[in-house]
Amino acid sequence: MSARPTPRQEAAAVVDAVLADLPRHRGVVVDSPPGAGKSTLVVKAAGHIAETGEPLMIVAQTNEQVDDLVERLATEHPDLPIGRLSASGYITPGRILAHPNVSVAGKLPDLGDPAVVIATADKWAWVGDRTWPWAIVDEAYQMRSDKLLRIASLFERSLFVGDPGQLDPFSIVDGDRWAGLSWDPVQSAVAVLLRHNPDLPVHRLPVSWRLPASAAPVISEAFYPFTGFRAGTGHADRRLEFTVDGMRTCQDRALEEAAASGWALYELPSRHTVRTDAEAVRATAELAVRLLQRGPVAYSERGAHPVTAGRIAVGAAHRDQVAAIRAAGVPPEITVDTANRLQGREYDVTIVLHPLSGRRDATAFHLESGRLCVLTSRHRHACVVVARAGIPELLDAHPSAEPVQLGVPVKFPDGWEANQAVLAHLSKHRVRPDR
Amino acid sequence: MSALTALAQLRAIRDGVAQRITTVRHCHVSAQPMVLIPLKLAGEAAAPLAAMVGTDPGHPRLLVVPQPRNRDLRFAFAAGLAEVLLPYVEGFAKSTETVERRSGEPYERCLDAPQILVPNRSAASFVGLLGRSTRFRRADGPYPVHPSVPLLGRWLTYFADRSQQPGSSMLLVATEALSLHWATGQSGLEDANLAALMGWIDPPPGTSGRQAAEEAEDPLLWPPAGPATDPGFDNEVLGPAIRAYEEAPTDRAVDRVSQALRTQLDPTWRLMWRAVELLRSLPEGARVKDRWEFDRGSFTRFTERVAEGGPPQARRDGAVGAAARLAGLERARAGYDVQRAHDDPLLMAEYRLTGEAFAGTVTSADPEHSEGEGRSRKLRPLVTVRTGDPVRLTPGTVVGSPDRRGHAAEIVGIADGEITLKIVKGMGRGKTPVPGSVPEPGERVSYTSLTDDFQSSAALPDPERTPWTHGGPPQEYVPSDDDAQEEWL
Chain B
1 MSARPTPRQE AAAVVDAVLA DLPRHRGVVV DSPPGAGKST LVVKAAGHIA ETGEPLMIVA
61 QTNEQVDDLV ERLATEHPDL PIGRLSASGY ITPGRILAHP NVSVAGKLPD LGDPAVVIAT
121 ADKWAWVGDR TWPWAIVDEA YQMRSDKLLR IASLFERSLF VGDPGQLDPF SIVDGDRWAG
181 LSWDPVQSAV AVLLRHNPDL PVHRLPVSWR LPASAAPVIS EAFYPFTGFR AGTGHADRRL
241 EFTVDGMRTC QDRALEEAAA SGWALYELPS RHTVRTDAEA VRATAELAVR LLQRGPVAYS
301 ERGAHPVTAG RIAVGAAHRD QVAAIRAAGV PPEITVDTAN RLQGREYDVT IVLHPLSGRR
361 DATAFHLESG RLCVLTSRHR HACVVVARAG IPELLDAHPS AEPVQLGVPV KFPDGWEANQ
421 AVLAHLSKHR VRPDR
Chain C
1 MSALTALAQL RAIRDGVAQR ITTVRHCHVS AQPMVLIPLK LAGEAAAPLA AMVGTDPGHP
61 RLLVVPQPRN RDLRFAFAAG LAEVLLPYVE GFAKSTETVE RRSGEPYERC LDAPQILVPN
121 RSAASFVGLL GRSTRFRRAD GPYPVHPSVP LLGRWLTYFA DRSQQPGSSM LLVATEALSL
181 HWATGQSGLE DANLAALMGW IDPPPGTSGR QAAEEAEDPL LWPPAGPATD PGFDNEVLGP
241 AIRAYEEAPT DRAVDRVSQA LRTQLDPTWR LMWRAVELLR SLPEGARVKD RWEFDRGSFT
301 RFTERVAEGG PPQARRDGAV GAAARLAGLE RARAGYDVQR AHDDPLLMAE YRLTGEAFAG
361 TVTSADPEHS EGEGRSRKLR PLVTVRTGDP VRLTPGTVVG SPDRRGHAAE IVGIADGEIT
421 LKIVKGMGRG KTPVPGSVPE PGERVSYTSL TDDFQSSAAL PDPERTPWTH GGPPQEYVPS
481 DDDAQEEWL
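Chains as they are written, first to last, in full-length UniProt numbering: chain B, 1 to 435; chain C, 1 to 489.
Bound-form chain B, shown alone:
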């Protein structure tokens, strides 16, 4: 009997299978849980396709994602000519300009004829009259299918990469009219692609290199109940220590709990509040400030480094909450943002204002499993969740009551269930402020 393969072997086997499948199918889908090496796969596949000498187009969803990809590609393949198509208002960041093999232009002919062209889906939609033999669509689960419709005629075959557990695309208008249609325009690009082409191969990256051993099982069970993944590192590989002693205040205790176990639930007394709950906002901001004051140092398989403000993120559900937390005195170097904007990002420690904290109702927006999944899966070491008590009771009072639409595939995980699972785990790491 052979031993279980190491995480590295397991992940490499999947990547090889993906690359082998590419020429055999019109489309290949790769599901990637948080931090499972999605970008690495994209860069590797891009290099692999470029070696064949055929041109490649890469589609990402936001300008930041495009820039991140350009930077990684240009670094790993310094001889590969890369073109970055941009909209008119785009200002090229210095990290892109630094690469001599990257050209930036607003129109395709101005790029020369690079082997790889990268742009956002919105930008690609304006490029007509040319067909690429290959495409890679990144963050394909965050792409709305109507965007794919606009660009699908540009490529012959494509690799779709994304994280099915993150936030679904959304619309400001009601999409019930199209519910159940196989080409429902408010569904994700992958959902529509697979409904029309059910025989396309779907691969899954099996290992999260970001999430620590304390988080991977929790996130995997709550948000990826049927596919699952494991952590690439063991409990002993990651450690978070403070160089400054605490005062044994409740905030210090929460931070210490998070450092020791990877999780902390900072639980304020139960109360119905407005969205920008002053007490919860202040607690969130104070935890971020206190964390920096404690001089945290992260030890991991990459060595040891101090956790600076740039390695810390604060996440919330709404923009006004973000603005309020920012205004409560969080150092400017710390990222404070909504779940939507934190997608695809990675930090050492995150502090999260729970989407259901202080609410009287649990709407579909607040129950969406992707929102909680994004917020609780950005960290390499620890995650502190700030919430008011009473969320399990709120969930019990608001079972999912969305009408069942005919012809709509059942989607897992159920947001209600996922919320309960995460809370059940967090309750083991509860710290209550002194009254």
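No lab work stands behind these hints: they were computed from the structure. Treat the hints with caution; some may be incorrect.
[Stated by the list, open to error] Have a look at the derived ranges for each label pair, beta carbon to beta carbon: (1) C/GLY406 - B/ALA260: 30 to 36 Å; (2) C/ARG121 - B/SER427: 40 to 46 Å; (3) B/VAL289 - C/GLU368: 40 to 46 Å; (4) C/GLY428 - B/VAL274: 42 to 48 Å; (5) B/PRO225 - C/LEU220: 48 to 54 Å; (6) B/ARG302 - C/GLY417: 43 to 49 Å; (7) C/ARG444 - B/GLU333: 45 to 51 Å; (8) C/ARG121 - B/VAL274: 25 to 31 Å; (9) B/GLU221 - C/ARG405: 51 to 57 Å; (10) C/ARG405 - B/HIS305: 51 to 57 Å; (11) B/SER261 - C/GLU214: 52 to 58 Å; (12) C/ASP481 - B/GLY407: 22 to 28 Å.
[To be verified] Cβ-to-Cβ under 10 Å is the rule here; a few derived chain C residues that face chain B: (13) ASP56; (14) ALA327; (15) LEU329; (16) LEU382.
What you are looking at is a predicted structure, and each value in this text was computed from that prediction instead of being measured. Using N, Cα and C, we set each Cβ at its ideal position, and we do this for glycine too.
Following the hints, complete the assembly by docking chain C onto the known chain B.
The following block gives chain C in isolation, referenced to the frame of chain B:
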């Protein structure tokens, strides 16, 4: 729910009467609207039972189906409805104006368009269902119908589709139009009951809104506004009347059904016209006219499509059609929200509360400030505004002003309630700004990051070039005898 609406609801409870939540009216109310109150048979999805319809409050037309389970009678009802509705709709197509376009040929647009009022959202959905069940019928082949029936179906479908469009007033839902302007002391669900909502807004003398709304819950005093009827009425009055018709389909039996249904429809008919009066009494918002112009344009295009003999609207949106419709709806939604805020200081106050807008007094202005040198020198007037609003905009954000159309400014800095703005649009191309384009010290101004210029989305492929990811090109619709065989329940 926004903070100001919540406050208005609390005030409604305290004062016992609905409170205005806007300063102007945000929907168009036609000079000659048509009120349509459809009823359906309980337990059926789209079996019409009756309709009260007309443009004259004093002379409603009552149409009934004495046995709603009978297919022929249903389509006879549809033909009757077509007799009222089609002349009304077609009457607007006669007078048109020529519209010049900056790019492209001038085109014709109807001077006015039809407006149909229904009591509630379910009635609007029922109009859509009725359209769905009639638009594929044909005057020949199996189960022939009157030629006006499929035409009625297309128009009903058009109106129902149009009512999904934010800002459109062609098919106006009375409860929604009223709730847009008044907050009551009851829940949103209760507001969907026209009688209860009107009770809060317009209680009879000597009665509080709450009492009037409570009375509205009694189906004997206020029969439901439809499309579903009161179960008590169904069992005790309607059921026996329909059975009597079954046994002897005489004029008397039809009369009995009609009389019964009239009692259910009359009160709602009066409420509908009272609602029209109430809405008319509000001053119209500045951009309502623009949105009605879009409605008129849409109506003209559909009239042309019908005249050209195009096929009925598809049963389901195709991949390309769905994406195009979604893009149109999103654009309308964004534009509608912004336009209302710009038209109405009370709605703008919501955005001031959330920090997306601010109002204040200009403390200083440098109207001839410029940036760049030589040929690239650009006029960029600077204005400082003092405000007490909790502003959450960041430097670099471009803001517009409801008071000046085409005016845009960029936030340069925010400190201690003083906001410095750099005007980037709407001050002319000269060395000095166009008079009046730069606010002067002492002037009261308001700015918001909500802007109406929505970026147009890229073109969609032709439907016959639908890509493989979306199922490939769709099959073309060919009318056939099978259409008449489809499930018609």
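Is it true that the C-beta distance of C/ASP481 to B/GLY407 lies inside 22 to 28 Å, as the hint says?
-> holds (27 Å)
Outcome for the supplied range 42 to 48 Å, where the beta carbon pair is C/GLY428 and B/VAL274 | Holds, since C/GLY428 and B/VAL274 (Cβ atoms, about 44 Å apart) stay within the stated range.
Minimum beta-carbon distance criterion (10 Å), C/LEU382 to chain B | This hint is violated: C/LEU382 lies away from chain B, its Cβ roughly 22 Å from the closest one there, beyond 10 Å.
If you check the beta carbons of B/VAL289 and C/GLU368, does the distance land in 40 to 46 Å?
-> holds (45 Å)
Take a look at whether the Cβ-Cβ distance between C/GLY406 and B/ALA260 falls inside 30 to 36 Å.
-> violated (60 Å)
Determine whether the Cβ-Cβ distance between C/ARG444 and B/GLU333 falls within the hinted range of 45 to 51 Å.
-> At 39 Å between Cβs, range violated.
Quick one: are C/ARG121 and B/SER427 within 40 to 46 Å, going by C-beta?
-> With a Cβ separation near 42 Å, C/ARG121 and B/SER427 satisfy 40 to 46 Å, so the hint holds.
Is it true that C/ARG121 and B/VAL274 lie within 25 to 31 Å of each other by Cβ?
-> Taking Cβ atoms as reference, C/ARG121 and B/VAL274 lie about 29 Å apart, which means the hint holds.
In this structure, is the beta-carbon distance linking B/SER261 and C/GLU214 contained in 52 to 58 Å?
-> 56 Å Cβ-Cβ, so the 52 to 58 Å window holds.
C-beta pair B/GLU221, C/ARG405: status relative to the range 51 to 57 Å that was hinted | holds (55 Å)
Chain B contact restraint on C/LEU329 - CB to CB distance below 10 Å = holds (4 Å)
Go ahead and decide if the range 43 to 49 Å is satisfied by the Cβ distance of B/ARG302 to C/GLY417.
-> Cβ of B/ARG302 to Cβ of C/GLY417: about 47 Å, so the range 43 to 49 Å holds.
When held up to the earlier numbered hints, the structure conflicts with 1, 7, 13, 16 and fits the remainder.
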